[in-house]
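Student: Two independent chains are provided; combine them into the complex using the hints.
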Amino acid sequence: MFFRVIDKVRLPDLVRGLATEYEVIAPVEKDGRFVYAPLEDPGLLRLDYDTTLLPPKKWFFPAEETLMRFRVADNEVLNDEVAVAPRVLFGLHPCDINALLLMDNVFTGKYPDPYYMRRREKTLLIGVSCTPSDTCFCNVWDTNEVHWGFDVFLTDMGDRYFASCRTVKGAEIIDRFVENRAVIDEDTREFQSVVHDFKDAFHRDVDTTQLPVLLDAKFDSPIWDEFGEKCLSCGACSMVCPTCYCFDVHDRLDPDQKSGVRARTWDSCQFKEFAAVAHGQNFRDSRASRVKYRYYHKQWGYLSKFERVLCVGCGRCARACPAGINPVNVIAALQTGEVR
Amino acid sequence: MSTTQGVAARDIQANPYHPWPARITSITNLTDKEKLFELRLIDEDVREAFEFQSGQFVELSIFGVGEAPISISSAPSKQGFIELCVRDSGDVTGALHAKQCGDVVGLRGPYGRGFPFEEMKGHDVLLVAGGLGIAPLKSLINHIHDERHEFGKVTILYGSRNPAEVLFRYQFDMWKHRDDFDLILTVDQPDDTWDGETGLVTKLFDQIDVDPDNTYGAICGPPVMYKYVIDEMRKKDMDVDRIYVSFERRMKCGIGKCGHCGVGHQYTCVDGPVFNYWEAMNLQGAI
Ligand SMILES: Cc1cc2nc3c(=O)[nH]c(=O)nc-3n(C[C@H](O)[C@H](O)[C@H](O)COP(=O)(O)OP(=O)(O)OC[C@H]3O[C@@H](n4cnc5c(N)ncnc54)[C@H](O)[C@@H]3O)c2cc1C
Ligand code: SF4
Ligand code: SF4
Ligand code: FES
Numbered sequence: 178m179f180f181r182v183i184d185k186v187r188l189p190d191l192v193r194g195l196a197t198e199y200e201v202i203a204p205v206e207k208d209g210r211f212v213y214a215p216l217e218d219p220g221l222l223r224l225d226y227d228t229t230l231l232p233p234k235k236w237f238f239p240a241e242e243t244l245m246r247f248r249v250a251d252n253e254v255l256n257d258e259v260a261v262a263p264r265v266l267f268g269l270h271p272c273d274i275n276a277l278l279l280m281d282n283v284f285t286g287k288y289p290d291p292y293y294m295r296r297r298e299k300t301l302l303i304g305v306s307c308t309p310s311d312t313c314f315c316n317v318w319d320t321n322e323v324h325w326g327f328d329v330f331l332t333d334m335g336d337r338y339f340a341s342c343r344t345v346k347g348a349e350i351i352d353r354f355v356e357n358r359a360v361i362d363e364d365t366r367e368f369q370s371v372v373h374d375f376k377d378a379f380h381r382d383v384d385t386t387q388l389p390v391l392l393d394a395k396f397d398s399p400i401w402d403e404f405g406e407k408c409l410s411c412g413a414c415s416m417v418c419p420t421c422y423c424f425d426v427h428d429r430l431d432p433d434q435k436s437g438v439r440a441r442t443w444d445s446c447q448f449k450e451f452a453a454v455a456h457g458q459n460f461r462d463s464r465a466s467r468v469k470y471r472y473y474h475k476q477w478g479y480l481s482k483f484e485r486v487l488c489v490g491c492g493r494c495a496r497a498c499p500a501g502i503n504p505v506n507v508i509a510a511l512q513t514g515e516v517r
Numbered sequence: 014m015s016t017t018q019g020v021a022a023r024d025i026q027a028n029p030y031h032p033w034p035a036r037i038t039s040i041t042n043l044t045d046k047e048k049l050f051e052l053r054l055i056d057e058d059v060r061e062a063f064e065f066q067s068g069q070f071v072e073l074s075i076f077g078v079g080e081a082p083i084s085i086s087s088a089p090s091k092q093g094f095i096e097l098c099v100r101d102s103g104d105v106t107g108a109l110h111a112k113q114c115g116d117v118v119g120l121r122g123p124y125g126r127g128f129p130f131e132e133m134k135g136h137d138v139l140l141v142a143g144g145l146g147i148a149p150l151k152s153l154i155n156h157i158h159d160e161r162h163e164f165g166k167v168t169i170l171y172g173s174r175n176p177a178e179v180l181f182r183y184q185f186d187m188w189k190h191r192d193d194f195d196l197i198l199t200v201d202q203p204d205d206t207w208d209g210e211t212g213l214v215t216k217l218f219d220q221i222d223v224d225p226d227n228t229y230g231a232i233c234g235p236p237v238m239y240k241y242v243i244d245e246m247r248k249k250d251m252d253v254d255r256i257y258v259s260f261e262r263r264m265k266c267g268i269g270k271c272g273h274c275g276v277g278h279q280y281t282c283v284d285g286p287v288f289n290y291w292e293a294m295n296l297q298g299a300i
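Going line by line, the protein sequences match chains A and B.
In terms of my numbering, the first sequence opens at residue 178 and continues consecutively.
In terms of my numbering, the second sequence opens at residue 14 and continues consecutively.
Just chain B, same shape as in the assembly (with noise of 0.2 Å):
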């Protein structure tokens, strides 16, 4: 049995459940419900010590609200920042929705495993994200954009409820200007001011090319989502383990101890969140 010698709360190995203070640097306001909080580890060794792969997760605890799992939206590459994107949902993301620039929240983490981008590097890349599913592949995507040169094909398809409801919209704007990215924005219900696609993310399928032997494909969103995305991928020939998918389940610990986010016979927290649809079609209930 190991030993665990005196809990001292500057070891950052000793008590996984010690959440390390963090200052909100930057608080962007994305939609009505969505807000994009920078935040700063603010002792220097918990900091340089995260290290985390996008598709990972944080605990973000405010102290006398509790902690919400909660996915890291800004690449690895952007050193010493991380970037969250928060839909006001209830208690603790509630109570960061009403924190300031310059307060102080808390982080564990970093946790789960995460996307697969070194084995992506030297493929396509397909990304399909519905409404707060954005999150998680933001990371990725900008982590890509960072290392561009070594992908082939990248296409992005988001599809969101309304325009008021698409996230990054501003980032996203200028991207469809670029070639180096396919990307195709897509609501359910479009308003005067919307030029894109309209209907549901799966419809844009027609409009995209796929080379099946060297594609990769990600997927985020709302649980019913997933199954009719796989479909599509499945119609395009590719392959169910260069497919993956991000899960969201109830969590408390995002440790591997408090068994809330299990799923079929593995837990999403450490298990996941990221899985392979091989992996997923063997959890029992996962799609």
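Same shape as in the complex, but just chain A (with noise of 0.2 Å):
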């Protein structure tokens, strides 16, 4: 990797050199929260957010987005073409790179969707190193470490930032658009004391040892009819959570009945229609059934296929969760067999 330091005071000359040729998204304040928006003006650029309300899928995979439009009278498709203007997402945390990453991995593969990797592919992402908040336990899954998926990535050293640039494009932008200068020994051993410290940071633990054994073995388990007398299901946990990429998909005609889109829209598999089929059945009609296949294929599903867990420790679902239902809660409830 290749590395420069840049000054804290010389940051909005990086975001204002970005905005003239890319959108920048970026962590903004909103009624007390913060969000991801397009930044308007560097000046409302808020690297000492906490997390966001929404993860940055959204930028790649939107809560609603049009496939293609057809025409009825012959069944044709007459325009699937996705359009992409250049972006760059602008202080992505450590979760949140970690979180694309596994995305990535769905939404490649045999089948690669055209819709999320052209967006992938013309957007860059600049990460920031974070403080670990109350909610957060990344460090359970070590995805408060990053070591690719972005272009940049800048760790907060006081009055200047060690940058990471991943990227040929990455390096292309520091150099283009900042005053910067190269690393000396006393900026790595810098770098090296605040990585520590950020780890030391951390005290939220939870044991996930044999997880997916657990999940298999204690599949009947009485936890689960605890949580899904609790759960709502509203689907707040998966709208929040970076990882989760379900969705329906659903025609829309035009007032002239002969033309249409076709949408797909995020979906929940808390909600209860989710795997319900033809001729009334519902393979998962029970709450305590769906709230389990959540756990069941973020801990395992994803994991037999691509060796990681589809979690990454943001802890958005436990804050935005009515029934105060916390992935570490559930884990330890499956090790421990008791729900508090």
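Rather than coming from a laboratory, the hints here were simulated on the basis of the structure.
Treat each hint with caution, since some may be false.
To be verified - Listed below are the simulated DSS-like cross-link pairs for lysine-lysine, each with C-alpha atoms no more than 27 Å apart in a straight line:
#1 B:Lys216 - B:Lys166
#2 B:Lys91 - B:Lys48
#3 A:Lys376 - A:Lys395
#4 A:Lys407 - A:Lys395
#5 B:Lys240 - A:Lys395
#6 B:Lys134 - B:Lys112
#7 A:Lys435 - B:Lys166
#8 B:Lys91 - B:Lys189
#9 B:Lys240 - A:Lys449
A quick note: this is a predicted structure, and the numbers were derived from the prediction, not measured.
Tutor: Structural data, given as structure tokens:
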């Protein structure tokens, strides 16, 4: 990797420079919380944010998007082009970059998803180091470190940033848009000290030993009924999750009924009809079975294919859940057999 | 990361969500609720690229209504056309039933893992279908028929609710007299016209001989049926990894992305819909 040091006071130059060629999406404050939004003014950038309400996934996989326009008469696709403008996502935390890497596994493979992939290819990612909040448990999955998947990663060292440039594009934008200098030994030592302090700041722990085995062996455990009793099937956990990718597809006709669009929207395995089929059959009719499925898929289903769990410990679902269901507690309950 | 440059509509691989127009070339009324549709992909390149195995399915697309996963009922050995045996059970299947010969619908696929046809060669085969479960098995039956000399004894057990619901009855009536297929039909509720067996399909196991070391099984039917048929096959000492089942789950994409078809730790659309019983036993909540 290629490293540079940037003076903190110079950071607005980078943002302004990027804005001349890209749409810049960054964390800004909204009603006391933080959201990723187009950055109108570098002064609004809040790199001190804890976590954003919605994860960055919506910039690659929007809550609703058109897949294609069609004509009814001959069942023809009129247009399935994906129009994307060059973008920078500025200020992603390690968990959210790791989450995109997990999403990439799903949207690539044997059937690459052109909608997601085109946006992914046209978007630069600039990461920034963070301070753990009380809902973060990325340390449990080692997703508090990120080694690739970004163009530049900025580690905060007080008065300056240690900029790790992962890609050619990343090195280029640093060189072009902001005054920077080479790394000296003192910077590297400071970097080591900062990242160690960061690792030491995590206090949350949960025993994840043999989770896939436990999920199978305790499939009929009463803990799921207890969580099922609490869950409201609102789906908020899936919507705010940076790694939840499930979607629904539906057609909408134009007023003339001759053409229309096929669109997809975010969906949630917590919704009752998610696994319903014809003739009144529903494979996950009970709330307990659906809550269980969310964890079963994240900690075992996904892992069986991609060797990682489908969670980065961002804590968004715990914050969003009106019933107070928190993955740390769910995993603990699976280990101990007791719901707390 | 692989690049997906310029998603051209003509590029077959470029957009996996893109359905290809297919013309309905014939429609056969099978029962009150089921029709057999023969379809021909209109684009020659797409048609030639379309190669499938028995047990695989397509996403049937009717723009303005939606998509539904449907098993291919014809054999891979039938070139240029595919057949779908479809029950009118909702929006998309209802819209298909309203179509006429010559109308155009959309198809994408084929998807999923089919039956292990090559592996089954050289062995006896025991096929058990319940109701509409005959749809994917029909493809396998026809394929075996076309390469009959490659197989040992072929036994087909097919259960329906009543005589009016027996699918492909015209063909099966003819097959009753063949000695290269042991075909037994049964219905739960017989009528005056019925000269076959009565009762559940599991009852037929008393009438058949199975060589446990040399037989592959394949089962497709309503969810409640699997457990009982598998029990019968196990009583005949058939190996768990030579019994194949085909599952139906809700599906939206067919390509392992939308998440709807999850069964245990797998996705039915890409890991199935055909699983062997050993795999199915390891899928929590599958059977
Ligand atoms: C691999 C596979 C192969 C198949 N092969 C065949 C085949 O060969 N032939 C065949 O006829 N069928 C087959 N099916 C079944 C077929 O895909 C379903 O019956 C499908 O639902 C039909 O789509 P539809 O739009 O007509 O029905 P839908 O309009 O989707 O509705 C059918 C029923 O599903 C339920 N449902 C749908 N949406 C909801 C919701 N939001 N909430 C609650 N319930 C809901 C309702 O009970 C509704 O009546 C197969 C399915 C799979 C997975
Ligand atoms: S499951 Fe919860 S903690 Fe894990 S990535 Fe999703 S929102 Fe974050
Ligand atoms: S946010 Fe909580 S209540 Fe809502 S579906 Fe998820 S687990 Fe259930
Ligand atoms: S149908 Fe979408 S993942 Fe299987």
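Student: Report the numbers of all earlier hints that the structure fails to satisfy, in ascending order.
Tutor: As far as the earlier hints go, 3, 6, 7 are violated by this structure, in ascending order.
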